[in-house]
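Undergrad: Work the whole structure out from these sequences, hints included.
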Amino acid sequence: MDLIIEGIKKAFYLLITLDTEVMGITLLSLKVSGIATLISLFIGISVGTIVALSEFPGKKIVVSLINTGMGLPPVVVGLFVTIFLWRNGPLGFLGILYTPAAMILAQAIIATPIVMGITLAAMQQLPKKLRLQILALGATRLQMIWTLIKEARLPLLAAIMAGFGGVISEIGASIMVGGNIKGYSRVLTTATVMETSRGNFDIAIALGIILLLLAYFINLILTHVQQRVRPR
Amino acid sequence: MKRRDEGRGTRDEKDSASIVLASGASGRPSEFHQLRDERSSIVYLLEARNLHVERAGATLLDVPELTIGEGEVLSLIGPNGAGKTTLLHALCYLLKPINGEIFFKGQRVNSEYPIFEYRRRLAMVFQEPLLFNTTVFGNVASGLKFRRVKRSEIKTAVMESMEMFGIGHLSNRSARTLSGGEAQRTSLARAFALKPEILLLDEPFASLDPPTRESLIGDLERILQHFKTTVVFATHDRMEALHLSDRIAVMNEGKILQLGSPEEVMNHPVDGFVASFVGVETILDGRVVKEGEGIITVSVSGYEIEAVGKIPLGEKVILCIRPENVTISKNSRGMVTSARNVFPGKIERITPLGLFQKVHIDCGFPIVAYVTNDSLKSLSLEEEKVVDASFKATAIHVVKRTKSS
Amino acid sequence: MKRTAGIYLIIWTAVILSGVFGLSSECRAEKNVILATTTSTQDSGLLDVLIPIFEKRTGYFVKTIAVGSGQAMAMGQKGEADVLLVHSPDAEKKFVTDGSSISRRLVMHNDFIVVGPSEDQAKIRGMKSSVEVFKKIASSSNLFISRGDNSGTHSKEKTIWKAANIKYEGEKWYQQTGLGMGQTLNVASEKKAYTLADRGTYLALKKRLGLDILAEGDAVLLNIYHVIEVNPAKWPKVNAAGARAFADFMISREAQGIIKIFGVNRFGSPLFFPDAGKRAEELGSR
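Protein chains in written order, with my numbering: chain A, 52 to 283; chain B, -7 to 397; chain C, 5 to 290.
Heads up, a few of these hints could be off.
[Stated by the list, open to error] Listed next, with one range per pair, are the computed distances between beta-carbon atoms:
1) A:GLY109 <-> C:ARG61: 55 to 63 Å
2) C:ASP102 <-> A:ASP53: 45 to 53 Å
3) B:LYS247 <-> A:THR274: 50 to 58 Å
4) C:ALA18 <-> A:PHE268: 23 to 31 Å
5) A:MET52 <-> C:LYS176: 29 to 37 Å
6) C:SER256 <-> A:HIS275: 51 to 59 Å
7) B:GLY271 <-> A:THR274: 55 to 63 Å
8) C:GLY182 <-> A:LEU142: 27 to 35 Å
9) A:GLY122 <-> C:VAL191: 25 to 33 Å
10) A:GLY109 <-> B:LYS247: 31 to 39 Å
[Stated by the list, open to error] Computed cross-link-like contacts, DSS-like style, restricted to lysine-lysine with a CA-CA straight-line distance of at most 30 Å:
11) A:LYS60 <-> C:LYS210
12) B:LYS137 <-> A:LYS179
13) C:LYS282 <-> C:LYS238
Worth flagging that the hints you see were computed from the coordinates, not collected in a lab.
Built from N, CA and C at the ideal position, the CB exists for glycine as well.
TA: Here is the structure:
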């Protein structure tokens, strides 16, 4: 118990003194997971919407693939990405193994199916005639899709939060493809594991608390957007 | 960037000197504007040709031709699955691909006229309000926002529309908190704010309770009369149709069976199906056994009924008699009336319908009459009683028998 | 619709590219040196001191990838690392014979110690022979905690068991954690058990543990570190120049000097002993 208290004290200390290393790690966590979530947002929402609104043979198969993707084990993703990005691997020429870029890639691969799957369900849940009503009010195709997205904003924002939550706390893939290099590809999760392995439990707990705080504040913002009813 | 008036369009595009828009097939010409294009031939506001929609092998819509004149109110009536919704969707170009063509003011949609620009001249209201997850104001403004109308203009148009439908006081309410009637009013206001050239309504009052429905129909009627909007609306309430329309189209199985003024359709149904749909209660099969001087005698179940008409001997016919035109009197022999058709019969069933009663009589053939509650009392009508049912020869509508009647 | 799809594509690509290149500033391959080493080496903190000096001196950017010994060697064998800093001599020898390396040089050593509860029910305190120590622990009823992760420590432990001819697999007194050294020590402390640990990690955690050093000094317990350059002939993409620079640095007088005093301030004794230039066989008891 006092270990946890020590950890909380340490967390405060690190935050208040704006410890450079911890700030750097936190910022990197935010950047990497943030960009990965952004990518997953674009791909996930657009593909999810398109699949939800179209009819084509084999749609059921595609939908079940997407749903399976939501449960992709991150470590497996990390392994495959590493193998691809190895110097001697097919994408080795990119030279991005052990860089934050590789971490963004792996995290985007993990988050995208999550966002896609929830978007799919969210769009399918809208009343079927709503699409026709929007068109019948004179909307262009693009305006219609944007309006449907706005109508589904509650579950869609939940999708983004799920995607972000999945990657900000991700450790397996991040350490594999990033290498946990000090000051370069070390993020909150990988640092926590390292400090634990070193036996520095107070620092590990402190990092964990900072991670929770970070996740909380991001979700606070997203929740605010989600629950807003815009008055005109 | 889009031009601001693109969505609204100007009505003066194709107009030359005389601004006069042709009416529909059998409507009343003088009531509507007639539009003549440069070639001075008649051009309708909306003309649809060869609309054909099939799904999974079944024909959902088969309309070879339909014209709609400016300012007219056309209603589509028919049973569920008749194709009313499909026709409305087709007119709004919501179905793809459309077989057939639609001409808006003489210009072919999808070639000379881009689809979404065409759609911006229309507005459609569905049976469910289908409101957006925002305030009432936001909903009513949505169509205008699609057209990129300026904020200030939106404000005036929306306020005006909301006032018209009596929902001005709900402006800031969230759409989720509205009652059924308020929601449907919002949906209508949303469509109206666009000042559409054609308004399409798909059974908009069907899911409302009667008092709400009446109030809303009343308001809508006033507004339509005031703005002289062209409307096509689908309903399966024939009273609604009678009330509001200039022309009625009776549909079944994707086809338009009859298109004409309410009086024509109600009193001169073109076949048995239309007759039963528009509320002709007595439909009798018979054969012409006598003919001459404008009167035919038709044999029905062994009885002879006289009707006005000119149909050759031996022809099979259907006699349509509206229940309003059947009189019931105490059973008496020998009373002379101008009615040439008097038949004694036994009352089988009496159904109360609010302000009057429906009486089913078996005269050897079934006949239905409407009587007021007073008459019911004064004649002491009850089941099993024997009465005389009479109707004039002129009140019978004779239809030549078609295969499927 | 095609136009909007096009706009979409441009937005995605812009976001992805900015993410990819914005954060990967060190993109020039020649400047990167991938160093594969073990978690215990990284955990000691020695590299945190040495590497910044090397980077400043040479302008290289060292990517320290700390994994298990097995994985570090595998990376070397696949040419995915440029230089290795490891301490599993037997496996390393194979590495050399199969042509994966062009240079293997002795850098330093630290040693392993047997730690346990101060009560020392197995009575191994002060014994000199690690083989005898292990025999005694096995025959007592005390728990022995093993890392069980094929790390250098674990390999060393297995060698001793083998030499003592003791069966440990599946025995009730033998538990494997699969964890790093620090955590394993914690488990041993909690369970009042014996374990084999490297001196560095033990010293770092000593305050919190309830374990004493019970046996040390046997030559077998030496943990010898070599720096190995991967063979560029076998793997052309290897940064041979960088690897050479790093290896040279590690045996340089400056680095060796740092190694000698590392840890003295914090723990009272150094964690490593510099050995550049010596031969492995020369290393005896402290």
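Undergrad: Tell me the numbers of any earlier hints that the structure contravenes, in ascending order.
TA: none
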